[in-house]
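Enquirer: Construct all of the structure, not just a fragment, from the sequences and the given hints.
Protein chains in written order, with the working numbering: chain B, 3 to 265; chain E, 3 to 265; chain P, 3 to 265; chain G, 3 to 265.
Note that these hints are calculated values from the structure, not bench results. Keep in mind that a hint or two might mislead.
Short derived list, chain E residues pointing at chain B, Cβ under 8 Å [unchecked claim]: (1) A53; (2) D59; (3) G60; (4) H132; (5) T143; (6) V144; (7) T171; (8) M173; (9) R197; (10) G198; (11) G200; (12) L231.
For each residue, glycine too, the CB sits at the ideal point set by N, CA and C.
Protein chains: 4
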Amino acid sequence: MMIRKTGAVPTLRLVAAVLATIAVPMLAQAPAPPTRDALVNELVVANHILANEGVLDGYGHVSVRNPADPNRYFLARAGAPALVTAADITEYDLDSQPITNAATAGYQERFIHGQIYKARPDVMAVIHCHCSEVIPFGATTVPMQPMYHMGYFIAEGVPVWDIKKAGGTDMLVRTNELARSLAQALAGKSAVLMRGHGAAVAATSLHLVVGKTYYLNLNARLQLQAMQLGGGKVTYLDPAEAKNSTQDYERSWDFWKSRLPKP
Amino acid sequence: MMIRKTGAVPTLRLVAAVLATIAVPMLAQAPAPPTRDALVNELVVANHILANEGVLDGYGHVSVRNPADPNRYFLARAGAPALVTAADITEYDLDSQPITNAATAGYQERFIHGQIYKARPDVMAVIHCHCSEVIPFGATTVPMQPMYHMGYFIAEGVPVWDIKKAGGTDMLVRTNELARSLAQALAGKSAVLMRGHGAAVAATSLHLVVGKTYYLNLNARLQLQAMQLGGGKVTYLDPAEAKNSTQDYERSWDFWKSRLPKP
Amino acid sequence: MMIRKTGAVPTLRLVAAVLATIAVPMLAQAPAPPTRDALVNELVVANHILANEGVLDGYGHVSVRNPADPNRYFLARAGAPALVTAADITEYDLDSQPITNAATAGYQERFIHGQIYKARPDVMAVIHCHCSEVIPFGATTVPMQPMYHMGYFIAEGVPVWDIKKAGGTDMLVRTNELARSLAQALAGKSAVLMRGHGAAVAATSLHLVVGKTYYLNLNARLQLQAMQLGGGKVTYLDPAEAKNSTQDYERSWDFWKSRLPKP
Amino acid sequence: MMIRKTGAVPTLRLVAAVLATIAVPMLAQAPAPPTRDALVNELVVANHILANEGVLDGYGHVSVRNPADPNRYFLARAGAPALVTAADITEYDLDSQPITNAATAGYQERFIHGQIYKARPDVMAVIHCHCSEVIPFGATTVPMQPMYHMGYFIAEGVPVWDIKKAGGTDMLVRTNELARSLAQALAGKSAVLMRGHGAAVAATSLHLVVGKTYYLNLNARLQLQAMQLGGGKVTYLDPAEAKNSTQDYERSWDFWKSRLPKP
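Expert: Structure follows, in structure tokens:
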């Protein structure tokens, strides 16, 4: 496994991005970034929401960048998202080497997170999923299109990354090199499909990445239905409409959190 | 944002409409309109049902006209429908300016409700949803058709309103002007689809608007399936059948209410 | 509403049919028919199962013939199936006039049950449903076919009854005359689709009618999928296979009963 | 019913297979095979998971080979999988004659298990299911293909076995002879579809067979969707990718176990 050090990420963009991870009500009362504990707890909730809403099953993972140190990110150690606890959250550097919990096994594909954080200073949270509805789009040449405002970011384009062309011999992103290739395919967009595997989604906050992944998956189903209904003639959001239709998905987060099984 | 005062709504039609909001058993015992508290509580239940049955998710909203003052309506302040409590219910005038709870944020698209109440004295309850199954119909030129008696009102026609043609630059109905255009597209019908966004549904009672929205969504899925099955040859309800097939959905309401998670 | 008295149903066929309603373990220990209370309780469970498994929603109904008097059947008074209690169970004659609970409202379409019991001495239980997956088949000319052994009875043929041809002016079976026409369409089969409405299913026991309705609905979805997959070339059960593949669905009943919400 | 004794299964392959049934953490601490009680308890959990995740309904069954005696396997007596308890678990020989619980009824199709264990010394666990999404594939000539790494084993090929060609007169595998024919169709693969009936899945451990059956079913739905989306042009995992993409589904097991209803 090949590991390279990157230089410091541009400071100004980062400060903006870090601020964006803080929930609006907190901002109003307390402009300071969330404490480490608060962020870890939010990440645990994100894991549980993604499992409870069927976005992740036993596999897949979600991470958040450390707002206090942009060269670090938090990710659970290897395990089913529904079962993640605060004790499982590990801090990694951007080469995806563990800073904490070093003795326990990490996700084999954690490199996806590190390389996206390296390439995208604006990104504060990343999800890798096998969410079902996008799998057919990763296996065909039909591009994803934004069906409605909830999937507005799809208008940026959702590239399909093929691990075979990046030199992979199985489907898993087990190295920084493969992950770098994936991050390059993602470029400045919100989501990239992984052929025969799933997707990676990046956003400026934890709530946003959860919302984008949920609606990426739902939009895929609606697009297939619309194509079947319209015989190919479907009106998608146009670029200007999509650009003006940003969502923070804060109410989705509240809703999904309220639906978690009682502990 | 442009706001105009409308004149008083025709009195006789309104009295009939107000009476229609009162449940049948209550009518038998007590012909008086429901108290404000009772109506607010019913609206809270409607919010919870719509979320629990998957008609609304974190977004969308449901309102009811004040039977004691037809120039007022009740709608929750901005928040996820599943989490709405009686304290969140706000009274608005028909320009969608808050009469109560003025200090808290309202739904950005509350104008949909006010303008439909203005244009339609018979309407006592309104829902705006992003319900999934109708999205493909809003993106194609295939008209919705009534598959069965539960979707009888679809025979009135379900127009598709395009915000772009009304001068919108994003997908949201943020002004009275855009909402007035939507209400004009709805005209005297039960439902109007919003291209790239969702739907608005209007009815003479809260129970009815919940039932109509639920079955609008389900009927959409069944129509797509029937078109796939029949290769385009599908027999829908004819206009007379649909007209004779009115539903009050009272048993659906009882059923859905019984399925709400225990508090 | 027109009501006619029918003659006594043939005795021998009836005795066999009555015996068939008694569960196998009870037969071994106690050849006596179930008590009225036991039968009523089973009917309540059937109502709850059908709602909980999504076969019925707020509407539709299930009945069982009185094994002690073949000219009587039990059916809940009008109400959502999920909420039915033993007190709601009403005894009807085969003209669907109430013998008990006469003061309360009955289902408008209860005539379906009475007329099927009249026409079919072998039938001991009847369901009328709006189950979603069969609606597309009622709206097209594609005949239902048995996809697998769980839907074996579909090989008998599932006719589509059109209320318009029987003189109906809305979609509901509100008279004995319309119900008689429906029973004639059903003839000796297990199920008949009702165009633009739903289905009626008949069987020799309560457990059996619940199982047949559930798998009628599921089989409909699988057939649509198979037709889409195979481009029209689908291998269904052949008549001999279907005939040899009878199911009692007793384990389904146990499973579904175990899934009911705790009271 | 015809029963033949087979010779001892090859010892070395078996030892490896038996070891493979032991969970990895147990191996590290205790190389001894799981106790009989532990294995029975795991089998009960497998039954509950398969029912709770919709892979089995009231019918279908799961077995595990006795690691202490490769000529024996454990399977519940006849009953709904969701309701299986440790007391229901019966030990069978490879002719599917009960060694324990001999007085109670066994599954009519238990021969599927015995014959697969006989033919496949590497197999330690077997599932027979009617899982819905695979039914259309058993009724057409479209071969199943691996959509993504979670269904990697599908690349081995999923043959469709037709009971009619094996001399069956109904759809059930009620004899060792029919089961032997099914096992021959399975050959060295993970799964075989049964035309008009369901599937049989075999694996080297209980956790693996549960995971493979779950993803066989899900992959079927995704393949149908991809074929509809791509108009027949779909990129599946290639043989090398599939071979390198083995899964142990351990995290799926943990996830599914955590979702079981509280007793």
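Enquirer: Hints first: check each against the structure and report whether it holds.
Expert: Each hint, compared with the structure:
Nearest Cβ of chain B to the Cβ of E:A53: about 7 Å, under the 8 Å cut. The hint holds. Evaluation of the E:D59 hint against chain B yields a held restraint, the C-beta minimum of about 6 Å falling below 8 Å. For E:G60, the interface hint holds, the least distance from its beta-carbon to any beta-carbon of chain B being 3 Å, beneath 8 Å. For E:H132, the interface hint holds, the least distance from its beta-carbon to any beta-carbon of chain B being 6 Å, beneath 8 Å.
For E:T143, the interface hint holds, the least distance from its beta-carbon to any beta-carbon of chain B being 7 Å, beneath 8 Å. Satisfaction of the interface hint for E:V144 is found here, the shortest Cβ-Cβ separation to chain B being roughly 5 Å, below the 8 Å cut-off. Using the Cβ-Cβ criterion of 8 Å, the hint placing E:T171 at the interface with chain B is satisfied: the shortest such distance is roughly 6 Å. Proximity of E:M173 to chain B holds as hinted, the smallest CB-CB distance being about 4 Å (cut-off 8 Å).
A hinted interface residue such as E:R197 counts as satisfied when its beta carbon comes closer than 8 Å to some beta carbon of chain B; here the least separation is about 6 Å, so the hint holds. A hinted interface residue such as E:G198 counts as satisfied when its beta carbon comes closer than 8 Å to some beta carbon of chain B; here the least separation is about 5 Å, so the hint holds. For E:G200, the suggested interface contact is upheld, since its CB lies about 7 Å from the closest CB of chain B, less than 8 Å. The interface hint given for E:L231 is violated, since its Cβ lies 12 Å from the closest Cβ of chain B, which is over the 8 Å cut-off.
Figure legend: structure checked against the earlier numbered hints; the only hint not met is number 12.
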